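Protein chains: 2
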Amino acid sequence: MAGTLTKSPLAPAFFPDLPPVDGVMFATVAAGVRYSGRTDVMLAKLAAGTSIAGVFTKSTTRAAPVLDCQAKLGGDTAAPAAILVNSGNANAFTGKNGQASVTAICDAVSSACDVPVNRVFTSSTGVIGEPLAHERITENLAVLNDSQDASAIEAAAQAIMTTDTFAKGAHQTVQIDGKNVQIVGIAKGSGMIAPDMATMLVYIFTDAVFEQSALQFLVAEISDRTFNCITVDSDTSTSDTVLMAATGASGIDAADNQNFADALHTLMLDLAQQVVRDGEGATKLVEVCVTGAVDDKIARTHALAIANSPLVKTAIAGEDPNWGRIVMAIGKSGAPADRDLISISFGDVNVATKGWVNPDYVEANAAALMKKQKIDITVDLGMGDGTATVWTCDLTHGYIEINADYRS
Amino acid sequence: MAGTLTKSPLAPAFFPDLPPVDGVMFATVAAGVRYSGRTDVMLAKLAAGTSIAGVFTKSTTRAAPVLDCQAKLGGDTAAPAAILVNSGNANAFTGKNGQASVTAICDAVSSACDVPVNRVFTSSTGVIGEPLAHERITENLAVLNDSQDASAIEAAAQAIMTTDTFAKGAHQTVQIDGKNVQIVGIAKGSGMIAPDMATMLVYIFTDAVFEQSALQFLVAEISDRTFNCITVDSDTSTSDTVLMAATGASGIDAADNQNFADALHTLMLDLAQQVVRDGEGATKLVEVCVTGAVDDKIARTHALAIANSPLVKTAIAGEDPNWGRIVMAIGKSGAPADRDLISISFGDVNVATKGWVNPDYVEANAAALMKKQKIDITVDLGMGDGTATVWTCDLTHGYIEINADYRS
Numbered sequence: 000m001a002g003t004l005t006k007s008p009l010a011p012a013f014f015p016d017l018p019p020v021d022g023v024m025f026a027t028v029a030a031g032v033r034y035s036g037r038t039d040v041m042l043a044k045l046a047a048g049t050s051i052a053g054v055f056t057k058s059t060t061r062a063a064p065v066l067d068c069q070a071k072l073g074g075d076t077a078a079p080a081a082i083l084v085n086s087g088n089a090n091a092f093t094g095k096n097g098q099a100s101v102t103a104i105c106d107a108v109s110s111a112c113d114v115p116v117n118r119v120f121t122s123s124t125g126v127i128g129e130p131l132a133h134e135r136i137t138e139n140l141a142v143l144n145d146s147q148d149a150s151a152i153e154a155a156a157q158a159i160m161t162t163d164t165f166a167k168g169a170h171q172t173v174q175i176d177g178k179n180v181q182i183v184g185i186a187k188g189s190g191m192i193a194p195d196m197a198t199m200l201v202y203i204f205t206d207a208v209f210e211q212s213a214l215q216f217l218v219a220e221i222s223d224r225t226f227n228c229i230t231v232d233s234d235t236s237t238s239d240t241v242l243m244a245a246t247g248a249s250g251i252d253a254a255d256n257q258n259f260a261d262a263l264h265t266l267m268l269d270l271a272q273q274v275v276r277d278g279e280g281a282t283k284l285v286e287v288c289v290t291g292a293v294d295d296k297i298a299r300t301h302a303l304a305i306a307n308s309p310l311v312k313t314a315i316a317g318e319d320p321n322w323g324r325i326v327m328a329i330g331k332s333g334a335p336a337d338r339d340l341i342s343i344s345f346g347d348v349n350v351a352t353k354g355w356v357n358p359d360y361v362e363a364n365a366a367a368l369m370k371k372q373k374i375d376i377t378v379d380l381g382m383g384d385g386t387a388t389v390w391t392c393d394l395t396h397g398y399i400e401i402n403a404d405y406r407s
Numbered sequence: 000m001a002g003t004l005t006k007s008p009l010a011p012a013f014f015p016d017l018p019p020v021d022g023v024m025f026a027t028v029a030a031g032v033r034y035s036g037r038t039d040v041m042l043a044k045l046a047a048g049t050s051i052a053g054v055f056t057k058s059t060t061r062a063a064p065v066l067d068c069q070a071k072l073g074g075d076t077a078a079p080a081a082i083l084v085n086s087g088n089a090n091a092f093t094g095k096n097g098q099a100s101v102t103a104i105c106d107a108v109s110s111a112c113d114v115p116v117n118r119v120f121t122s123s124t125g126v127i128g129e130p131l132a133h134e135r136i137t138e139n140l141a142v143l144n145d146s147q148d149a150s151a152i153e154a155a156a157q158a159i160m161t162t163d164t165f166a167k168g169a170h171q172t173v174q175i176d177g178k179n180v181q182i183v184g185i186a187k188g189s190g191m192i193a194p195d196m197a198t199m200l201v202y203i204f205t206d207a208v209f210e211q212s213a214l215q216f217l218v219a220e221i222s223d224r225t226f227n228c229i230t231v232d233s234d235t236s237t238s239d240t241v242l243m244a245a246t247g248a249s250g251i252d253a254a255d256n257q258n259f260a261d262a263l264h265t266l267m268l269d270l271a272q273q274v275v276r277d278g279e280g281a282t283k284l285v286e287v288c289v290t291g292a293v294d295d296k297i298a299r300t301h302a303l304a305i306a307n308s309p310l311v312k313t314a315i316a317g318e319d320p321n322w323g324r325i326v327m328a329i330g331k332s333g334a335p336a337d338r339d340l341i342s343i344s345f346g347d348v349n350v351a352t353k354g355w356v357n358p359d360y361v362e363a364n365a366a367a368l369m370k371k372q373k374i375d376i377t378v379d380l381g382m383g384d385g386t387a388t389v390w391t392c393d394l395t396h397g398y399i400e401i402n403a404d405y406r407s
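Chains as they are written, first to last, in numbering that gives the first Met the number 0: chain A, 0 to 407; chain B, 0 to 407.
Just so you know, these hints were derived from the structure itself, not from any lab. These figures come from a predicted structure and were not determined experimentally. No residue lacks a Cβ here, since even glycine has one placed at the ideal position from N, Cα and C. Watch out, some of these pointers could steer you wrong.
[What the hints assert, rightly or not] Chain A regions said to be covered by chain B (calculated; three or more residues, Cβ under 8 Å):
(1) 84-93
(2) 311-319
(3) 322-329
(4) 342-349
(5) 352-366
All chains, full assembly: derive it from the sequences and hints.
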């Protein structure tokens, strides 16, 4: 399964060189949850005092591990903590058995790692509706606990992959009061979805000092401008999880530091765009920027309507600057727009101004832009100051191949 | 363009034999609006006293002919009327020129056919953003007026096609007080969209007697259960139009006749399903029935979330009974659902009951059902009495081929 897909043409040239983060260690194992011949469980151990923040899918059918993580956020941070993630099985739509598996795993991690059970966070990603063989995980915990390594984050990024065609990581260093704090993050996701909705998982680690509530606020706010602004196919996972852990080991408080917030935004946007770059079948990374909306929320509604439109996405796959389909997507979104005020550009080529084709528009110029790997679509609605930017990929035969033929 | 696509495997065996409707005549012409070697304009003339009702796209970027039709509904019905439709150019996103073209066509029809201008209804379907060469239409009006024929409705159905792979028609006869009234209808549409969003148009004719307001109420109400319950790709056209004309020539009042309403529902559902059967790239007709929702509106939200999900539609293309993706779609819709109350069936094969796989489920049984051309998905939410049924098709390589490669 993993490894059988061709690497995305939009993949970065290599996995970045991620430094250790003081207070965080990793281990991985090939537990055979579903895959064979590859690692499929990762355990991250976090030093005492680590604050953990989380952002999760809004799906009403969200998986048992997500519900468990949500319930555990915000407790006392004095004790050490752990994050355990398996790939291959999402433990979603598994009824009462699903919660039983989460409990079994959390109890086992707690015992093996000497961490309170309310400080154990788990995620599962992979096929849904099948019972999770959690004993394959719990019987490996001693090994995972004994092989912890502060530099094993790339291995962790590999262990959480499902239909991903490349491991995803990012890194920022922030100088605060003359000292460096580190932020590193890993992600999995091949669009909003992966095999059978297994979907996006993100883990971010820093040695900066944060109160949990301040970290939660920051992660939620930036997620809204990054992970919540990407779409591959408009489908929403039962398992989406972003967890951020601040160990505080550097002794440097970053709670109100704008440079830290900016660096974290850069890192989260980088990981979000890596997920889009690994979108199933993707050959183009598309940035949709909407300006001139009545407010930011309306701008976002229009931007997502464009980014989710199968007609817009197939036109991009065909390298066709088909701006008519952009007008259609704006019209269907239901949010306020005035046909006769809309302006549209591909890159720096203005196609239409105020509801009518630009008289100087030469289709060959726009068509040349469409051959690039990165496509920029800008829409001005001419009504106000609201703006939004979202990222998506094109819709290609590759998407059909992966999703029509995957399980059968 | 037309004629280059392979006929849908879901097409009916033949175009139905449609009887003349007293008070309605048709003519078509090859005006060369954009296509060559085929008819592309149809004119229907309607006897004095004809009531006309309409239902239109809710797009905020709807085309000039749609706005013009909407403004003209509900006026005095004493004079004769006319409906003129061209294919090849949608006259959408054409700014002030768009309205000027509509005015030019309506004025010309009014003169050539001796019909008041406020009784001339027009539709345009095809490429958008290009000026409509309306003189190619107006210069053919004398020919169209001179060649009217009560039996030319199949030719009319052909003239309004764009990427349709077959002409669409349906017929019902209703006995009222021992006498027959006729209802005939034609449609175009290859999903909600056709080349460059040109999309669904429907024209229905009856010789029954109706006040305009009663006809409008009936058409709007039934459209909500038929044309508004189909989706090919979630994209919404700028031009969707349903017009129904009741000539009254039979002298039989059908305003409060339940048999007439039932027959009209059957006819409209037939045409709606023909549009789905001609969905771009479709190989399966899919009926999604949601029961047990808190109310009908919530049932519809879930049904459309399932029917619009690219993951559900690609699984159906792959003949994979992937019920996990149905759970995902329910979860993402945002409407009330309880994971542990959901039951799912493919045809008569129950896959999951109350949030967990049916212990008697045998995947081979569901997989066998998925090989049929008609797929029935039933979801019971276990929460109330709300129900909804919608129709869609699968998402295949054919959709990508048509839409990624169409214009370029």
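These are the hints, each one checked on the structure:
Figure legend: the region 84-93 of chain A, annotated as covered by chain B; annotation consistent (3 residues with Cβ-Cβ distances under 8 Å, at least 3 required). Counting residues of the region 311-319 of chain A whose CB lies closer than 8 Å to any CB of chain B gives 6, so the stated coverage by that chain holds, three being the minimum. For the region 322-329 of chain A, the stated coverage by chain B holds: 7 residues have a C-beta nearer than 8 Å to a C-beta of that chain, and at least 3 were required. Here the region 342-349 of chain A counts 0 residues with a CB under 8 Å from a CB of chain B, which misses the bar of 3, and the coverage is violated.
A count of 5 residues in the region 352-366 of chain A with a Cβ less than 8 Å from any Cβ of chain B is obtained; the coverage claim is therefore met, three being the minimum.
Consistency with the previously given hints fails for number 4 only.
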